[in-house]
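A.B. asks: If you want the building blocks of each chain, they are given just below.
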Amino acid sequence: MQKVIETLLIGLSTGSIYALMSIALVLVWRSTRVVNFAQAGQAMLSTYIGFEIASRSEIFWLGLVFAIAAGALVGAGVDYFFMRVLFKHATSGPAAVVAPVIATLGLLGLIRSIVGLTWGGEFRSIKAPASTDGFTVGDGTIPFSTLDVLIIATVSIILIALALLFQRTNLGLALRASAYAPEIAQLAGIRTARTRTIGWSIAGGVGGVAGMLVTSNNFLSPYSLDLLLVFGFIAAVIGGLESMAGSVIGALVLGIGLTFILNYVGTSLVFIGGFSVLILVLLIKPDGIMAKGKARRA
Amino acid sequence: MSGLVVNRLSVSHGAIKALRSVSFTVEVGQLAAVIGSNGAGKTTLLRALSGLNTQTSGSAQWKEREILGARPDALVRRGISHVSEGKSVIAELSVKENLVLGGIWRSKKSDTSAAIAEVVELFPVLGQRMSQSADSLSGGERQMLAIGRALVSRPKLLLLDEPSLGLAPLVIEQIFATIDQLRRRLGLTVVLVEQNAMSALEIADFGIIINLGEVVASGKASELIDDPVLRAAYLGY
Chain A
1 MQKVIETLLI GLSTGSIYAL MSIALVLVWR STRVVNFAQA GQAMLSTYIG
51 FEIASRSEIF WLGLVFAIAA GALVGAGVDY FFMRVLFKHA TSGPAAVVAP
101 VIATLGLLGL IRSIVGLTWG GEFRSIKAPA STDGFTVGDG TIPFSTLDVL
151 IIATVSIILI ALALLFQRTN LGLALRASAY APEIAQLAGI RTARTRTIGW
201 SIAGGVGGVA GMLVTSNNFL SPYSLDLLLV FGFIAAVIGG LESMAGSVIG
251 ALVLGIGLTF ILNYVGTSLV FIGGFSVLIL VLLIKPDGIM AKGKARRA
Chain B
1 MSGLVVNRLS VSHGAIKALR SVSFTVEVGQ LAAVIGSNGA GKTTLLRALS
51 GLNTQTSGSA QWKEREILGA RPDALVRRGI SHVSEGKSVI AELSVKENLV
101 LGGIWRSKKS DTSAAIAEVV ELFPVLGQRM SQSADSLSGG ERQMLAIGRA
151 LVSRPKLLLL DEPSLGLAPL VIEQIFATID QLRRRLGLTV VLVEQNAMSA
201 LEIADFGIII NLGEVVASGK ASELIDDPVL RAAYLGY
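Chains as they are written, first to last, in my numbering: chain A, 1 to 298; chain B, 1 to 237.
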């Protein structure tokens with residue numbers, strides 16, 4: 001029984017980080033209709049900057065703040081200098097569908113090269129902001145640590161802040177309206193292009209947090225966030241790609257599910273487990289768990 | 001003072017000219033009905049006037065200032081509101097959020113609250129459903145919400161695209177009566193695009209008949225209704 005509970009807790013901590021990555025993907029998808037593969041690179045670059053600050057100042061949280069700022073800036077930059085230009089040139093036909101996807105993949109490679117040139121390819125790590133020693137329960141220790149508590153708390157705060165932003169503010173309303181119905185939003189007086197850039201920047205900042213948290217007890221390299229992107233994407237698909245709440249639920253389910261596989265079956269099956277979930281969702285409920293009846297868009 | 005002056009307006013969709021050299025004037029406070037069959041270019045005309053269509057030539061002025069080339073969000077700030085075709089509400093948002101959206105460009109939230117209160121007074125049915133999703137409304141209610149959203153921005157020029165589309169005859173009658181009341185009460189200038197020629201001309205001061213992207217007739221609404229040639233050819237009754 002104890003093993004079940006500790007697996008649940010670890011799964012919650014893992015899943016909460018997936019949730020951030022998956023929200024970053026959902027935000028971009030619903031405003032721009034692009035699965036942003038470059039998000040792994042954007043988050044990785046933000047994390048390198050956060051690491052740099054965290055290791056110099058020896059304050060993890062200062063590093064986190066810089067990672068958020070860097071992520072937000074990079075996200076806005078990618079939309080403003082990259083996506084806007086791209087959409088101006090590829091407005092219809094197959095090019096409009098394929099070009100953005102290829103572009104984000106290219107961007108991922110580009111960011112990777114820039115990071116490699118700047119920081120080198122070797123693994124880096126920082127001192128975790130809290131103890132990674134597991135709590136003592138009875139006679140033994142469980143793998144769940146203070147750091148995991150901190151991760152769950154940080155993610156919860158960010159999720160609450162995002163929920164308030166999206167549900168309670170005019171900016172949030174503008175972001176939702178522009179995502180659901182860009183033309184109506186425009187006719188209501190919203191500057192939709194600018195709103196979209198703000199959406200990309202929020203996604204970038206959230207991605208930066210995901211990168212910092214997942215790496216707080218791990219190594220950072222130009223490739224180290226790829227798996228996070230994959231799991232974040234699977235979580236987003238479980239949630240239907242449109243819904244932030246859905247993607248959070250998807251991420252928690254995925255995090256807990258994969259941790260169970262890890263603890264009870266073995267490391268080798270985690271990756272297969274993730275993809276099996278992806279394929280199952282696409283076969284059984286392609287619009288995601290939050291879909292009710294017909295989808296608004298194909 | 002002249003309100004909307006459209007002069008030799010042409011609009012293309014790629015290589016196709018959807019509108020050819022259209023000219024007309026709508027005085028301030030008047031309601032102009034733009035009549036024509038499907039594909040005549042009515043929607044294209046409205047989309048050019050609200051800044052959604054940008055492949056335009058010629059000129060269109062509102063109160064002596066050019067509107068072609070301006071972005072939709074800038075035109076909203078100049079008092080031009082466009083209710084696009086097909087009950088243009090955002091189904092994922094609540095009724096209240098749809099209304100708030102109409103005033104979202106303002107920096108002062110209190111102005112929007114006041115405007116929403118006025119709209120609710122005009123459409124009491126919306127007031128009872130503020131927290132419901134727009135998806136739950138009936139067709140007629142949705143159309144009221146769409147018009148209501150546009151009114152929250154306190155427009156001076158209202159562009160209405162087929163408000164009767166997909167509504168039951170009784171509801172259509174209501175909607176047209178409401179539009180007529182509204183514009184008198186608020187002193188609105190209205191361009192109303194309709195396939196439903198008779199109902200539109202009945203509340204209009206002025207009618208413009210468009211066919212295949214060109215104006216084929218225009219004049220006082222009452223005269224258009226009585227013209228036997230037009231009746232047979234374009235008004236379809």
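Bear in mind the hints are in silico, worked out from the structure with no lab data behind them.
Hints may contain errors.
[To be verified] Pulled a few chain B residues facing chain A out of the computed Cβ check, cut under 7 Å: (1) Thr25; (2) Glu66; (3) Leu68; (4) Gly69; (5) Ile90; (6) Glu97; (7) Leu101; (8) Phe176; (9) Ala177; (10) Asp180; (11) Gln181; (12) Leu182.
Glycine included, C-beta positions come from ideal geometry on N, C-alpha and C.
A.B. asks: With 7 Å as the cut and Cβ atoms as the points, is Leu182 of chain B at the interface with chain A?
C.D. replies: violated, 18 Å
A.B. asks: For the hint on Phe176 of chain B, does the least C-beta distance to chain A fall short of 7 Å?
C.D. replies: Hint violated; Phe176 of chain B Cβ to chain A Cβ min 22 Å, cut 7 Å.
A.B. asks: Taking the closest Cβ pair, is Leu68 of chain B under 7 Å from chain A?
C.D. replies: violated, 16 Å
A.B. asks: Does Glu66 of chain B pass the interface hint, meaning its C-beta sits closer than 7 Å to a C-beta of chain A?
C.D. replies: Since the shortest Cβ distance to chain A is 19 Å, the answer is violated.
A.B. asks: Going by Cβ atoms only, is Gly69 of chain B closer than 7 Å to chain A?
C.D. replies: Cβ of Gly69 of chain B sits 15 Å from chain A, so the hint is violated.
A.B. asks: Does Ile90 of chain B meet its interface restraint, that is, does its C-beta lie within less than 7 Å of any C-beta in chain A?
C.D. replies: With a closest approach of 5 Å, the Ile90 of chain B hint holds.
A.B. asks: Hint check: is the beta carbon of Glu97 of chain B less than 7 Å from a beta carbon of chain A?
C.D. replies: holds, 6 Å
A.B. asks: Have a go at the Gln181 of chain B hint: is there a Cβ in chain A nearer than 7 Å to its own Cβ?
C.D. replies: Given a least distance of 23 Å, the restraint on Gln181 of chain B is violated.
A.B. asks: Please check whether Leu101 of chain B passes as an interface residue: C-beta within 7 Å of a C-beta belonging to chain A.
C.D. replies: holds, 5 Å
A.B. asks: Please check whether Ala177 of chain B passes as an interface residue: C-beta within 7 Å of a C-beta belonging to chain A.
C.D. replies: violated, 24 Å
A.B. asks: Taking the least C-beta to C-beta distance, is Thr25 of chain B closer than 7 Å to chain A?
C.D. replies: violated, 24 Å
A.B. asks: How about Asp180 of chain B: closest beta carbon in chain A under 7 Å, or not?
C.D. replies: At 23 Å from the nearest chain A Cβ, Asp180 of chain B fails the 7 Å test, so the hint is violated.
Checked against the numbered hints given earlier, the structure breaks hints 1, 2, 3, 4, 8, 9, 10, 11, 12 and satisfies all the rest.
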